[in-house]
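From just these sequences and the hints, can you work out the full model?
Chains as they are written, first to last, in our numbering: chain A, 1 to 697; chain B, 1001 to 1335.
Read the hints as simulated data drawn from the structure, not as lab findings.
Quick caveat: nothing in here was measured; it's all calculated off a predicted structure.
Every clue listed holds true.
Derived contacts from chain A toward chain B, CB cut-off under 7 Å, selection only:
1. Leu606
2. Ala649
3. Pro652
Here are some chain B residues pointing at chain A (derived, C-beta under 7 Å):
4. Ala1238
5. Val1287
6. Leu1328
7. Pro1329
In this text, a Cβ means the ideal position worked out from N, Cα and C, and glycines have one as well.
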Amino acid sequence: MSGAGRTERAGLPGAAALVWSASLPAAGALSVATAWGGWRMPLLVVAAVVVPFALLVTVVRLGVGRWAATAALTALLVLVAYVLGAGAGTTFVGTVGDAVPLLLTEPQPLALRADLLVAPVLACGLVGIAVGLRSVRPTRLAPLVGGLVLYAAGAFLTGGRGDRVGVVAALLLVLAVLGWCLLDETGEPRRRRLVLAGPVLVVAVGVVASTALVPVSGAFDPRSVVEPPIVRTDVSSPLPQLAAWAANPDVELFTTAGDTGPTRLVVLDEYDGTQWRAATRYGPFGATADDVLPAGEQRRRSTMAVRVAELGGSWLPAPGTPTGVSGTEALVDPRTGTLLEPAGAADAEYEVTAEVDDPDPARLPGATLPDPSADLPLERYLELPDVPTDLWVYAGQVTAGATTPYQRAVAVEDAVRGQRRVAERAISGSALWRVEDFLLGEVGTAGAQEGTSEQFATAFALVARYAGLPTRLVVGFEPGDEQPDGTRVVRGEHALAWPEVYFDRLGWVAFSPTPDADLGGERPDAPLDPPTTPPPAPTPSADPSPDQVDDHAADDAGGSTLPPRTGAFAAGALLLAVPLGLLLARALRSWGHRRRGARGAWAEVLDALVLAGRPAPRSTPAPVVGDGVAMRYGAPAATRLARAADRAAFAPGSTGAGAPTTEDRRAVREVRRAVRRSVPWWRRAWWYLDPRVLRRR
Amino acid sequence: MTATAEGRAHPSPTSVSEADVAEFRRLHQRLGDAVESAVHGKRAVVDLVLVAAVAGGHVLLEDVPGTGKTTLARAVARALGGEMRRVQFTPDLLPSDVTGTTVFDPASGQVRFRPGPVFSHVVLADEINRAAAKTQSALLEVMEEHTVTVDGSTRAVPDPFLVIATQNPIDLDGTYRLPEAQLDRFLLRTSLGYPDAEHEIDVLRPGSTAGRVADVPVVASPGEVAAAGRQLAYLHVADPLLRYVREIGVAIRTDPRVRLGASTRGLRSLVRCLQVYAASQGRHYVVPHDVQRLAEPVLAHRTVLTRDALLAGHRPVDVVHEVLDGVLPPQPDQG
Chain A
1 MSGAGRTERA GLPGAAALVW SASLPAAGAL SVATAWGGWR MPLLVVAAVV
51 VPFALLVTVV RLGVGRWAAT AALTALLVLV AYVLGAGAGT TFVGTVGDAV
101 PLLLTEPQPL ALRADLLVAP VLACGLVGIA VGLRSVRPTR LAPLVGGLVL
151 YAAGAFLTGG RGDRVGVVAA LLLVLAVLGW CLLDETGEPR RRRLVLAGPV
201 LVVAVGVVAS TALVPVSGAF DPRSVVEPPI VRTDVSSPLP QLAAWAANPD
251 VELFTTAGDT GPTRLVVLDE YDGTQWRAAT RYGPFGATAD DVLPAGEQRR
301 RSTMAVRVAE LGGSWLPAPG TPTGVSGTEA LVDPRTGTLL EPAGAADAEY
351 EVTAEVDDPD PARLPGATLP DPSADLPLER YLELPDVPTD LWVYAGQVTA
401 GATTPYQRAV AVEDAVRGQR RVAERAISGS ALWRVEDFLL GEVGTAGAQE
451 GTSEQFATAF ALVARYAGLP TRLVVGFEPG DEQPDGTRVV RGEHALAWPE
501 VYFDRLGWVA FSPTPDADLG GERPDAPLDP PTTPPPAPTP SADPSPDQVD
551 DHAADDAGGS TLPPRTGAFA AGALLLAVPL GLLLARALRS WGHRRRGARG
601 AWAEVLDALV LAGRPAPRST PAPVVGDGVA MRYGAPAATR LARAADRAAF
651 APGSTGAGAP TTEDRRAVRE VRRAVRRSVP WWRRAWWYLD PRVLRRR
Chain B
1001 MTATAEGRAH PSPTSVSEAD VAEFRRLHQR LGDAVESAVH GKRAVVDLVL
1051 VAAVAGGHVL LEDVPGTGKT TLARAVARAL GGEMRRVQFT PDLLPSDVTG
1101 TTVFDPASGQ VRFRPGPVFS HVVLADEINR AAAKTQSALL EVMEEHTVTV
1151 DGSTRAVPDP FLVIATQNPI DLDGTYRLPE AQLDRFLLRT SLGYPDAEHE
1201 IDVLRPGSTA GRVADVPVVA SPGEVAAAGR QLAYLHVADP LLRYVREIGV
1251 AIRTDPRVRL GASTRGLRSL VRCLQVYAAS QGRHYVVPHD VQRLAEPVLA
1301 HRTVLTRDAL LAGHRPVDVV HEVLDGVLPP QPDQG
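This is how it looks when you write it as structure tokens:
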């Protein structure tokens, strides 16, 4: 082999470096795959990265020019994408050109459809080729950049939900730091480099985790600028159906498995004095809306398998606000979480994952309403038509004794329930006149003091709205009858309408004005007297502030309750505390040295040597160390400091205490500067946080 | 210094000031320069010998012939301004040849004492291991007692009294090895060794002053050196350093390869040397580096290894060095 050949081969990265280079973009690609879910897409995107990368590296090693190989592989990749797109029945240009809006508006998790796969496969392949092209660079930045590009693409695609707890981000960081430590061609032993990398990694992960501290309520969501495909439905309320279900109590509507709580069918939030209306616009999962109220701080995740029987209609039952559904092409109303199957709910079988506001009952008595300055879209939930005067008077009487929002809600609930009775064949309807009859009619007249859950819930909503409580109506079902196999059969008798009131930081809280209705959950007794301690002032923030630690969620972290962002916040704060603690410990150590005169000044020199990775052996006397430092780092002051320290320590009548002289301080600075200059930049950056000196006694 | 009723100045326990040390350093410097004018390129050994002279100890030089042992002894004696006598130790040398004897003086008709060569400031005991044990013991006794007793009469040797003994480590046929216990009488053991290339060429150069003892200037008086030695006995040694010295001694004694380590007297000798050595460096206090510098010449010859260790190729010097590596010195940044 010629000398030139040897030089060229020496310039090529080793196998470990190649594996590392490919692993970073592959890890980033995993973020893209989260938009699809399942196990096939991760394999596909990893292959899309690794195969072009490996091909490029191989052909370059075989002697093909790098740019020629890159061009050929890029053409091959485009050809593969073309063939893939051709199967979808669209043009290649059209598929690629529409890729972004298509991916951003399709329901997630995305389907493994050819038109949805072309763009990610092409992007992953191009990144793999680009990283392979730059893998010979000694800076080793290209793999990380490639990984970050794909990670960002994945985050863009999923709105940040794909890597919610930062697992892929942490993987990228760990891989990058390990690679830089182990593959960097320096004379330092690998073990030592790894030890040094530990604190760096902790800080880096801390920085990632500290993003939990950043308010994200205004985070950019690409779906807010892309109009998702909207499906409209004409049926605006299932309330009329309640009477039919009540009339056929034994009809099996659907079967559930999993969560044992009540299921929701439709959320009704608009009332015009005649009827309640549900959303009529539905989009894919991931679509956003401007008028969504913030969820409560304490939520639990609920998963339920549903098999529809005689339910009818197009709405699908779900245990809360759905976050994902499998087994059906359902759409969702992003404002209320109502689930819609455009093709009809009949015989649908699906598994739905949802989040349910699950506030700690102990927090309910102190619940407050959102601060008006928070400018939340509450108008819809407070809107009242021209209510008859009698109703006004009634509502005023009902809430007269209550002082807190929760007391008002409970007072309304108790008043509406009153002595009224449920009558399955009562006059249906939610119009004002019907509610007026229901609440204020003379016993014995038609519809007076009796009704279905529709009237109870509507009456509650009207009075509560009059009392200033943001209220909506939910049509759903009580938990069905449990079967021996653990499933629950929901029948017509379980259909129910109930009101929900929105409280600040607690989210939507269900109330049960209908007698004998079973919505599950715990409810505290609401004291009629004002609480001895005033409820906490509402925070003008739509999102929980970082210092609002959620004890309840933390307690239930091991269960099904969702830790909101408190866990991430705590982790971030903890990891931020590590570098801050190190900084403080180092400052205290230096402060202690400054109080010890020449001996402390010498200790600073010894610390500097530790930080430079060349600690002085404890068996070596100070003057010898000082001479060595003076020679190695060109800092003659070290010799003088060593002798001064010896004198302070061992001369008669010297305690070594007291502030160091100006000359000592200047000498320490000179030595420290000289030693610090000798270390690589990354160690200089880490200089004031490096904890190794803390171990030196 | 404090003045006594007799008008003589005696050092008080806390009287070693920086000025005193500076004065001694100048004296030591002068002596060293003077000796080095005849013994080129061996300043470290010269300084050690001078430390022993001031500390009131004796030096054992182990070296092959022709390295300048005699020249060194003579130059030291001359620089000190004292008298120097040389005794060539042979198997037939008698103790009285060393210490002196009583003889009948026919002129005066009286028996009088004729002093031996030990009655001088510097005694060069050349090839001490060639004399019989009895003769060696006679010299070693004088070294320890600084007196000679002949016919019931005790006579003191001059002060300062420095014995520089030599022995050839390679030609051991017909020699009488010094008893280990008596090696303790030597304050330190060292060797001159061959000079480095530069100095050896310098010695070879025609007209070189090397070896010309007669040209060594007299830069001090024996009384001056003796007074300095007495004064420096009060030089400060910090407690951590005394503990360090003891830990070294204990570590040597407890080393499994060692049959006999330095005694308390040996460690005390080390402290004595440390005081003088520190002053020679211009310090009125001792530092750990001094201990490490002097541990080998002071302790190695007091370290007797087991037979197994010797057969395994270990040397006392190695043991001392390993102990120095293992026992951590007090550091100025600690405490």
